[in-house]
Structure formats: C-alpha cells, structure tokens
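**Student:** Sequence:
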Amino acid sequence: MVGWSMNTAWRAAFSAMLMLSAGAAHADTPVLQAEQSDVATLPPVAPHWFLPATADTAYTIYDGDAGRILGTVPASILGNIVLSPDRRIFYVADTIWSRVDHGTRQDLLQEYDARTLKLLREIDLPPRALAVYKKQDFDVSPDGRWGYVFDMSPATSVTVIDLAHGSVARTVDIPGCALVFPWKAGGFSSLCGDGSLTNVGYAGGTEVKVTHTKPFFDANNDPIFEQGMVDRATGRALFISYSGKVYATTLGQDPVVGTPWSIQQAAGQPVAGTGVQDIAWRPGGAQPFAWNRASGHLFVLMHVGTYWTHKTAGTEVWEIDPAAHVLVRRIDLPEPARGIAVSPDAAPLLYSTAENGKVATIDVRTGTVRRTIEAQAGPMALVPDM
11 MVGWSMNTAW
21 RAAFSAMLML
31 SAGAAHADTP
41 VLQAEQSDVA
51 TLPPVAPHWF
61 LPATADTAYT
71 IYDGDAGRIL
81 GTVPASILGN
91 IVLSPDRRIF
101 YVADTIWSRV
111 DHGTRQDLLQ
121 EYDARTLKLL
131 REIDLPPRAL
141 AVYKKQDFDV
151 SPDGRWGYVF
161 DMSPATSVTV
171 IDLAHGSVAR
181 TVDIPGCALV
191 FPWKAGGFSS
201 LCGDGSLTNV
211 GYAGGTEVKV
221 THTKPFFDAN
231 NDPIFEQGMV
241 DRATGRALFI
251 SYSGKVYATT
261 LGQDPVVGTP
271 WSIQQAAGQP
281 VAGTGVQDIA
291 WRPGGAQPFA
301 WNRASGHLFV
311 LMHVGTYWTH
321 KTAGTEVWEI
331 DPAAHVLVRR
341 IDLPEPARGI
351 AVSPDAAPLL
361 YSTAENGKVA
371 TIDVRTGTVR
381 RTIEAQAGPM
391 ALVPDM
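Remember, this note's numbering sits 10 above the position in the sequence shown when you count from 1.
Bear in mind the hints are in silico, worked out from the structure with no lab data behind them.
Careful, some of the hints might be misleading.
Cross-link-like lysine to aspartate or glutamate pairs, in silico, EDC-like; alpha carbons within 16 Å at most [what the hints assert, rightly or not]:
hint: 1; residue 1: 194; residue 2: 153
hint: 2; residue 1: 321; residue 2: 365
hint: 3; residue 1: 144; residue 2: 236
hint: 4; residue 1: 219; residue 2: 183
hint: 5; residue 1: 368; residue 2: 384
hint: 6; residue 1: 321; residue 2: 236
hint: 7; residue 1: 144; residue 2: 66
hint: 8; residue 1: 368; residue 2: 345
hint: 9; residue 1: 368; residue 2: 66
hint: 10; residue 1: 321; residue 2: 232
hint: 11; residue 1: 194; residue 2: 395
hint: 12; residue 1: 224; residue 2: 204
hint: 13; residue 1: 219; residue 2: 264
hint: 14; residue 1: 194; residue 2: 264
hint: 15; residue 1: 128; residue 2: 48
hint: 16; residue 1: 194; residue 2: 232
hint: 17; residue 1: 224; residue 2: 172
This one's a predicted model, so the numbers in the text were calculated from it and none came from an experiment.
Put together the whole structure using the sequences plus the hints.
**Tutor:** Laid out in structure tokens, this is it:
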C-alpha cells in the first residue's frame, strides 16, 4: 500500500508539472490578429511606368525606376492597350474565346480604372479577325472622346467608338488599307498597300469624309514599317521604310508628307541600299521605334544586315534629332532586342526587350543599364503619352 501511494503521488506531481508547463507555453503564445482585407490604390500614372505584354495573358505595370511590379491589366495574346490622354483609364481592345482557343468569340473594348485596375465597363465590338497584333491596331483620339479599332472581317475597316456613351458610333470601310494613326483632332489615317494614306474625317461620329493621298513610298521596293509613330498632341507622325528613310508627316484630311531623309545619312554613313547583298546598319525588330516627347527625338533599334532583314533583333539604339536630321548618340544594348520604348520625360529611360523576355532599363543620357527585369515580356509595350 505504501508503494502504491508513493507511485500515485509521483504521478500526480508529474501531471501537475505538465499542466504548469503547458500553461506557461500557452501564456507565451502570441495572439494572432485577424487578417484585414483591403484593396490597394495605385498612385497617378508616372512618366517612368512601363507596360510590356507579358506571358500572353496581361500587360504588367512596372515602376521603371524601382524595377518592381505595380499591377497587371488582363489581356489575351491579341489584346491591345491604350492609356487615356488624361491617364485615368486603361483601354484594352481584345478578342477572346469562351474555351480559350475556340468556342464562341467575343470582340470587346474593356475599360479599367488606372488607380484601382477595376474593370469599369465592357463595350461590344463588331466581329473582327486578327492574326497578329500591333500597337497600331487600336488608339484613342487626343481629346479622349473616340476610340479607333482596326478590323478585318475579312475586309478592312475601323470601328469608331463613342467612349463617353460606351457605344459603337460607326464602322468605316478602308479597303486596301490598315491600322490607325490618330490626327490631332477630328479623324485618323491608315496605311494603304499602294504606298498612300487614306484619311477619315468626321463630325460627331456621323458625317464622314474620306480622302486619299498620292503614293509617297514604294510599297514594292522599299515599304515602310507598320509601326509608324504619332504624337497625339501635335498630330505629327514618323513613317520609316525598311531601308531607313524617314517620312515626317502632319496628319489630317489632307496630310502633308515631308521629303524623306536617311537615318544612316544622319549618322554620317552612306544611304542604305535595297540590294540583297547590300550590308548596312538597318532598323529592325517587332517594335523598332520610340519617340521621346520632351526632346522630340527619335529612337531606332538598329542591326547590321542586308535588305529584308527588317525583323532582325537590334544590337544598338540610335537617338536621332528628326528636326535637324542628325545623330545624337548611339546606345549599346546588353543583348539583342526585339522591341524598345522610351519614357516621355526630360530624363528619359530606354526600355529594351530581349528575345528571352528580359527587359533592360537604360539611362538615355549616360547609356548605363540601371537594371534588368526578368519580365517574360513580348516586344510590344506601352509608355505614358505615346
């Protein structure tokens, strides 16, 4: 009995020790606070924001100075994005299928708030068929009133959208022509296969006037890149040929096309020829041009090659003053790039997208690479105001 009593007492003491230990451990455990959900709000769109197409599913918003992701705007492989002139709305013109790559097709224009990235509205578009996408498939008028969506159904046309009312105003046929280049006000122009421009002016989206220029470039022997650029604030455009000729144009109902000049000649080199064995520095890539609004300078992605190498990745970027027809500087790239973009401000950043999807952020004034972003980016990209 004595042995039994001692054993029982020992077990009781041990149990008490365990309870004290557990109580002490419990007292030391921090109290977890309940998680509070919220919705982040972005700051106003800054000059050094950069939006490349990424992984065929979105446009990713990067802070070019910090190299960090701020958010994403959904878009399919055919989606095209434009920032409204007041920088408050991201517009995405897109074509999607109910079963990803087949099924019921939907053509629509989506509006996203630039601060919250919330989907605000979807506008149904007439049926269209696009095999590839380019920045010039879609744009917005400088006053923010109209959206222009290039269509193939299968004839070529442009759908004009009343952005204030969220509805299609009309569709304008542009046979033999393609893409949209907005005027400063009142309309847009499109490139035509015969080397001319077709020009669509309208009043209130109902009364339409269509004019055509004479051919100004040789579409058979020295065609121009589809990736021509427009400064929406001025209506000035730069169209550039495969051999490097620049056609400065003031868009409107009756466009004024300037005398072409050579990128190579501006750099102190011979004019590039169109022979199959004519080796020279040439523009090339999927997005080979950029325009800095503050300086008015043209940036061109260049490579050494023969004629018809206009899709070849570039190894240098040439900064050119298009008013004076002179080379400002040549910028070496860390690796060949398929596309470039330049911020619009007076302290510009150059973004070059390599074939492996990496994006190099380069200080234009020094040519120094600030950082490399593992972005899985395609060559098409958006920067504010251009």
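**Student:** Each of the hints needs a verdict: does it hold here or not?
**Tutor:** A quick look at each hint next to the structure:
1. 194 <-> 153: holds, 8 Å
2. 321 <-> 365: The given pair, whose Cα atoms are some 12 Å apart, holds under the 16 Å limit.
3. 144 <-> 236: Between residue 144 and residue 236 the Cα gap is close to 8 Å, so the pair holds against 16 Å.
4. 219 <-> 183: Holds: residue 219 and residue 183 sit about 12 Å apart, inside 16 Å.
5. 368 <-> 384: With a Cα-Cα distance of about 5 Å, the restraint between residue 368 and residue 384 holds, given a limit of 16 Å.
6. 321 <-> 236: Answer holds: residue 321 to residue 236 is near 12 Å, not above 16 Å.
7. 144 <-> 66: holds, 13 Å
8. 368 <-> 345: holds, 9 Å
9. 368 <-> 66: Holds. Residue 368 to residue 66 sits at ~15 Å (cutoff 16 Å).
10. 321 <-> 232: holds, 14 Å
11. 194 <-> 395: holds, 13 Å
12. 224 <-> 204: Holds, at roughly 9 Å.
13. 219 <-> 264: holds, 11 Å
14. 194 <-> 264: holds, 13 Å
15. 128 <-> 48: Holds. Residue 128 to residue 48 sits at ~14 Å (cutoff 16 Å).
16. 194 <-> 232: Given that 16 Å is the threshold and the Cα spacing comes to 28 Å, the pair is violated.
17. 224 <-> 172: violated, 31 Å
Violated hints for the displayed structure, listed by number in ascending order: 16, 17.
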